[in-house]
Structure formats: C-alpha cells, structure tokens
Amino acid sequence: MANKVYVVGVGMTKFEKPGRREGWDYPQMARESGSNALADAGIEYDQVQQAYVGYVYGESTSGQRAVYELGLTGIPVVNVNNNCATGSTALYLAAEAIRGGRADCVLALGFEKMKPGSLGSTFDDREQPMGNHMQALAEISEVLFPPAPWMFGAAGREHMKAHGTTAEQFAKIGEKNHRHSVNNPYAQFQDAYTLEDVLGSRMIYDPLTKLQCSPTSDGSGAAILASESYVDAHGLAGRAVEIVGQAMTTDFASTFDGSAKNIVGYDMTKQAAVRVYAQSGLGPGDFQVIELHDCFSANELLTYEALGLCAEGDGGELVDSGETTYGGKWVVNPSGGLISKGHPLGATGLAQCAELTWQLRGDAGKRQAGAVGAALQHNIGLGGAAVVTAYQRAVR
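So that you can map any letter, position 61 of the sequence shown is 61 in the numbering used here, and since no number is skipped, the others follow by simple counting.
Simulated restraints, written as ranges between beta carbons of each label pair: (1) I140 with D232: 52 to 60 Å; (2) A311 with G42: 42 to 50 Å; (3) G327 with P185: 21 to 29 Å; (4) A162 with F256: 13 to 21 Å; (5) G100 with E44: 23 to 31 Å; (6) S60 with S321: 42 to 50 Å; (7) D125 with K161: 34 to 42 Å.
Source of the hints: derived by calculation from the structure; they are not laboratory data.
Since we're looking at a predicted model, the values are computed, not measured.
All C-beta atoms, glycine included, are put in the ideal place defined by N, C-alpha and C.
Using the sequences and the accompanying hints, generate a full structural model.
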C-alpha cells in the first residue's frame, strides 16, 4: 500500500516581467521560494532527503546550482523538464518518492528565467518535440506563428464551430482571472479590466486577445512534501495538506485523432482527472477551489469540460452561469491563473500547489474562497504531459 503524502510547506516569489528585477537570477529565485517553503514547514534544509528541481530553459545542472543556495548536503538532486507541466512533474516525482517509501521529506522546486516575447525553440538543428502535434494541427487549421496562440486559438475556434461558443465567453474568462489577481501580491499583473477592455485588446489569434493570453515571466515556487510518519514525528499535522489523488498522463493515440482540442491536451487532462477521482473518491462537485492551466482562455474553457465540471460542449454556458468565480460552485484560478499571475514555465505547477495549500489552510487573505475542504490542481505541457492533483486538509 502506498504511503500517504502531505504538503507541509510552500513558498514562491512574486512573478515578474522578464528582466524587471535587476540581478535576479534563478539561484536568487530558488533561494527565495525554497527558504519560504522551509520556513513555512518549520524545518531546516538538512532535513530534506531528496530534491526535484524543474525548469525549461537552462543548463544541464541548473537544479543543483539552484538548491545549493539552500545548503550543500549531498542529497540526490534531479533536474526535471516537461515543458509547461515541469513544476507539477517535479511535484509528482517528489510525491512518488514518498509514496514508494524511499524518502520521508522531499523538496519540489521550480523556477524559470525567461526572455521577453513569445516562446520559441532553442535548438533548430534537430527534430522539434511538438513537430508531430503541429503537423497534425496544420492538417485541419491554417498555420500561424508563434505556435502557442495558434494551437490553443485553433482549439477555441473548433469549440465555437461545434458548440456555438462565443468570443465573449472566452473573454469573460480573461476578465475573471485578471479580476482575481487584484488580491494576489505574487501576481505579475494586479489590474482589473472590464469585459470590453478584454475584447478590445490587441488580437493575437482570433478569438484570443492579448488579455486572454499568459505572459512570459520570471519566478519560482517550492513545496516541501512529507510522509505520515514525518508529519507525526515533527508535529506538522495542524498545517499539513494531504495529496489524496494524483495522476500524470502523456499523449494518447487520441491526441492525433484530428481534433484540435486533443492536440492541445484535452484527452490527457480527462484521463488524468478520471484516475484522480478514482484514487481520491472525490468528484468534480466535491472541490471548492481549482487552479487550472489557463495559458489561454480557450484552454480554461476546454479544461472545465475535461475535468467534468460540465458536459462536453457546455463550457460556454458554465462561463455565463457565474459558477467559476466567487459566489459560484467553484472558484477557478483565485490566484489570477497563468493569464494574470504569470507563467514562468518551471514554477507554474508549484505556484498552483502553494495557492491551493493556502486556500485549504484558510490563509489566502482577500482571495480566500470561504471554507475550503478539497482543492484540485491541473497543469499541462504540450508535447506532452498533464498532471492533475487533488488535495484535502489533513485529518489526524
């Protein structure tokens, strides 16, 4: 039987526009987020037995260089790269070490130091990891560069054609997430916009305007995970949050079935969610707060359906119902999500973990979504990986 896994400490930096903080390199980011997580757990770094460190853009042992800011203890440090799902993949691997009984206290940390502007490839002398995905999409859609807004925008257009979803419904997601971020001191943007502002901002790829797209960002997030015996021995149960379900999937054959939504990860998400619900005994209606991967507003709407918050095709109606914000059934992306909080690729999944841990503890300040008993996390990376995680407050 797998060991129980608890989040006992979380920390993150403020997410920033790339290069905004002079002299702020990835070691400084990691020191800040990691120190915050250790302080939150009330432990020293020498208690950590393994570390999983995620980043997308960096040299081969940047993970070691990052955590050396916390201490030099000789522990295994594993570098992790899974595109935009990197942070949650580090979280998944750290949890697996505890589930398997290989460690009792593990650090998951993610960071990113990015360049301004749209994402591009680093190595142009070899096959691109998403080459098959882009080719499959090119067979059913016009081709536009940069790839990311084209891919998710095409999935949004597909949904509009199949289900009558409107540009205004996608824009409402951007309006919601920017509004949520006003109360998040860690967010890259903390400005509210009207629906008209969102619709009227610069068109990136119809129907996606600039205020419906996540920015490039610098920043870091971290979590300390512990086993049940460690939690008991160190008296950490009062603030511990249990991971009650977690699944990671990669592409299925259905990714290339000719639908844009599956090319951008719909089926990966759906299959991971099914496994998490089975593990945890919880269903979509049992969660009060959800942090999901809104790299573009179109993906948030698709993810509503993949997670089972509504039936396939009903995402637009769910947006109009008001059930995904304060006063509704779920508060989705109380942090502001990727669209407004920011998206430093390696840090995103761990920032989601931090937000949900604070929500479950009742420590989210003005963002607090009432009494939260269960929370759900979703993070994807094309090429591909999806990680879905369910959390509950520890019951001891």
